[in-house]
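Colleague: Here are the chains, one letter per residue:
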Amino acid sequence: MPNALLEVHNLTKIFPGIRALDDVHLTLRSGEVHALIGENGAGKSTLVKVLTGVYIPTSGTLTFEGKEVAFRNALDAQASGIVAIHQEASMFPELTVTENIFMGHHLRNPRTKKLDWKAMTEQTRQLLARMQLDIDPDTLVKNLSVAKRHMVEITKALSLDAKLVIMDEPTSALTGREVEDLFRIVRSLKEQGKAILFISHKFDEIFTICDYYTVFRDGQYIGEGKVAESNEDAIINMMIGRSIDQLYPEHQKQKGKEVLRIEKLCQLGAFKDISFTLHEGEVLGLFGLVGAGRSEVVRTIFGIDKSSGGSMHLLGEPFKPKGAKESMRRGIALVPEDRQKQGLVLKMSLTNNISLPVLKQLSFKGMVTSAGKERTYVQCHGNQMEIKSAGYHVDAETLSGGNQQKVVLAKWIGTSPKILILDEPTKGIDVATKAAVHQFVCDMAQKGVAVILISSELPEILGMSDRILVMHEGYQTAILDARKATAESVMKAAIATTVMEDTHA
Amino acid sequence: MPDHSFASFAKKAFARRESTLILLLFVLLVPISVRSPQFLSMKNISTILNDMAILSIVAIGEFYVILSGGIDLSVGSIIAFSGMACGMVNESYPQVSPALLLLLGIVIGLAMGLVNGILVAYGKIPPIITTLGTVNIYRGMTFLLSKGTWVTAHEMTPAYIALPRTTFLGISILLWIAFFVIALCYYFSRFTRTGREIYAIGGNPTAAKFVGVDENRVRVVVFLVSGALCGLAGALWTARYASAVNEMATGFEMQAVAACVLGGVNFSGGAGGIIGVVLGTLFLGVVTNALPVIYLSVFWQTCVQGLIILLALTLNTLSDQHKNKKLLAQRRG
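Taken in sequence, the protein lines are chains F and Y. The end of the first sequence is residue 501 by this note's numbering, with every number in the run present. The end of the second sequence is residue 334 by this note's numbering, with every number in the run present.
Hints are not guaranteed to be accurate.
[Stated by the list, open to error] Once the Cα atoms are required to be at most 25 Å apart in a straight line, the calculated PhoX-like pairs of lysine-lysine come out as: (1) F:361 / Y:210; (2) F:302 / Y:125; (3) F:356 / Y:210.
Keep in mind that the hints were calculated from the coordinates and are not lab data.
Whole structure, please, built from the sequences with the hints as guidance.
Modeller: Laid out in C-alpha cells, this is it:
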C-alpha cells in the first residue's frame, strides 16, 4: 500500500453545545479514491471544512505529506494542494472558462508584468485536453451546463496542482451520462496520482468508483475498509448500527379520523407522486437523505410552494392553498427547517415573534394592545415551552439555538393547529432541548393533533413515529409501520435503488 | 445565569442610539450657546423646531419604507407636485379653505405613493430603481402642471400663508401638525398589526412569509404612508415659504434618509424607531442652524451634513459588529 498523503488523527471539533467531530481518523493515499460515508449530520462536511482550512479543529493532528500541518485559512490549504469541489459550484458566471480557472493565480508576462492571457488560454486548452473535455476556453461559464461547470472546477483544481481533490456530493446535480463523464475524469485523476476524497450518499457510485471507504456516525469514526471487500449491507450497518440509548416518550397509538389525504402530489424538479394519508393523533415520520425532497413536500402542503400535479384533501375537502395565510386558517402549522432564516425575525422581541402568526386574533380593528391580551398570550405559550431568557422583551437573536427553537414552537402552538408539520425540529440543539421537543411532539399527538415529523436522525424517526414515509431523490420509496420498521429497512429505502424501480413500474 | 446580562445588554442597545443622540445634542449645544447665548433663546429654539417640522414629517414617511427594507427617493418630487398643486388651486380658487388644501396634498401624495407601491410590490422592481424613476417623473409632472411658472406670495390667500404660522397655546400650527404626525406614527409602528408586520417584513421576509404576512400589502402600505406624509409636507411647504416653485424640495430625500440613519434606523430594514428618527431630525436641525452662529459659511452646510451621515452609518456598523461579537462570546461562554 502506498504511503499516506494525508492522515487525520484524533481530530475533534466542538461547536457550542455540540461535538461535531469526536476523535475521528482518516487516511488518504495518492492514487486512491476514498469514500467518506455517513448519514446527514455525521460530520462529513465539518471534516471537509477542517481539511480546507475553513474550520480550525479543537484538538487533533493533520499530517500532510509526512509533515504536521495547521491550516489557518482556506488559502493555506489550497497552497498546500488541497482543493475542494463544492456542492454548489462557486464560479463566476459572467467570466470565461480561462478567467475562472486562473482566478487568484493569474499568469503574468515576466517582462512587462502584464497579465498574459495568451499563455493562460493556452494552458487552459491543454488542461481541458488532458481531461478530454470539449470546452472552449473563451466560453462564458454561464453558458455551460451544470455538469460542465463541475468539470471546469475540477480543471481549476488541476491548474492549482492539487494533490488532494475533495468532491462533496459531486453527482447530485448530474444526469446519468454526465456522471459517466465525471467518473472518467476521476479515474484519470487517479492515474495522475491524485488522492480523491469522494463524499456521496449513492451506494452504486461508491461501489463503482471508490477503492476505500471510511464511515462516520454522529461525529465519530466507526470504521474503514476496502470497498472491494465489503458490501452494501455491511456499510449500512456501520452507518446506523448504534445502540438506541435514548428513550423516546410514548403516546397513545390510537388513530383518529383522517385529516389529510395526499394523492400523487408532484412538483417539477423536486418530487413526484407522493401519496399518503394522515390521521388525528398520529405521528408520521418523513425520512430521506439530503436531496430527497422532504422539505419541498411539506412546503407544498403548507402552500409556500406550488404543486405541479396531484391532489390534496383536508378533512375530506379539496385543498389547494395559495399561501401560508390560507393553510394557517385551515389549521396547518409548519415549523420550518432553518429557524434563523425561516422561523424567526431575529431583530424582533420574543413577544413580537410569538404573537406574529396570531396578530389578527390578538388585535381589535388592526390595533394590538400590548398591555393586555398579547402579554397574557405570549406568557401562556412561552412558559409552556419553558423558554430560558431574561424576559419576553429581549430580541430573539440573543437566545441560544435550543431556546430559539422553543420560541418557534411556542409561536406555532398558539395557532391551535390540527396538523403540525415539524421540519428537522431537533437539528443543532442540545440534548435537553431535544428531549423537550420530543415530549412536545408526544403531547401534541396525545391531544389529537396530526404530526408530520421530518428528521435526518434515524433513532428519532424510529422512536417518535407511528408510520414512516421514506423518500429518495424526490420519489416515495416506502411507507413503513414504525413497529415493524428497523433502521436497516428505513435506510435501505432511503438509499436503495431497488424500491425506486418499483415506484416507476 | 448569563441571561441577565443579555437583558441589560439588549436594553442598552435599544436605548443606546436615542440616548447617544440626546447626549450629542447637549454636547453640541454647550459650546454653541457659550459662543452665542441667543442660540438657546425661546425664539431661536422655536425657529429651529419650525424649520425641522416639515423634515420630521417626511423623515417619518421615509422611515417606514427603510424599515420594510426599501428606500423612497421620490419624496422631494412628491412634495414639489403636491405643493405646486396646492399653490395653484389656492391661486385659482381662493375660496377653498386651507384645511382642504392640506387634505388635497395628502390625497395627491397617496396617489403618488400608490404608484410607487404597486410598481415595487407587483412589478417586482427594486424600490431604489422604482423611485429613481418616479423622482424624475413626478418632478417632470410638476413642471407640466405649472407650465414652468411660479406661484408667488401675492397670488396666494393670506389665510393659507398664515396657516403654519398661526399659534395655538403658544405653539405654531405647523408644529402641532408635526406632533400629531409623530404621535400617530409612533402608535402605528408600535401598536398596530400592520406596524408589526412592517418590522417583520424588513427583519426577515422569509419568516414573515411562513406566518402568512402579505408582503405585497405591506410594501404598498409603506409607500402609501410615505406618499401621504410627503403630500401633507408639500401643502405645508408652499404655505410656509409663501411660494410654490418647480424646484422646491430638490434633494430633500437625502435629508430624510440622513435623519433616519442618524436616528439609528437599520438600512437593511427591520430595526429602528420613530423617536430615533425625530431625534435625528432635531440633530440635523441644530447643526444646520448652528453653522452661521459659529461663523462657518453656509457653503459648508452640505459638506457637514454629508459627514454626519457617514459618521452615523459608521457608528451603526460598529455597534452592530460589537453586538454580534458580544452575542457570539456569550453563546460560546
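Colleague: All hints, please: hold or fail.
Modeller: A quick look at each hint next to the structure:
1. Distance hint between residue 361 of chain F and residue 210 of chain Y is fulfilled; the C-alpha atoms sit about 22 Å from each other, no more than 25 Å.
2. The hinted pair formed by residue 302 of chain F and residue 125 of chain Y meets the criterion: a straight-line CA distance of about 19 Å does not exceed 25 Å.
3. As the CA atoms of residue 356 of chain F and residue 210 of chain Y are separated by approximately 15 Å, the hinted pair is consistent with the 25 Å bound.
Of the numbered hints stated above, none is contradicted by the structure.
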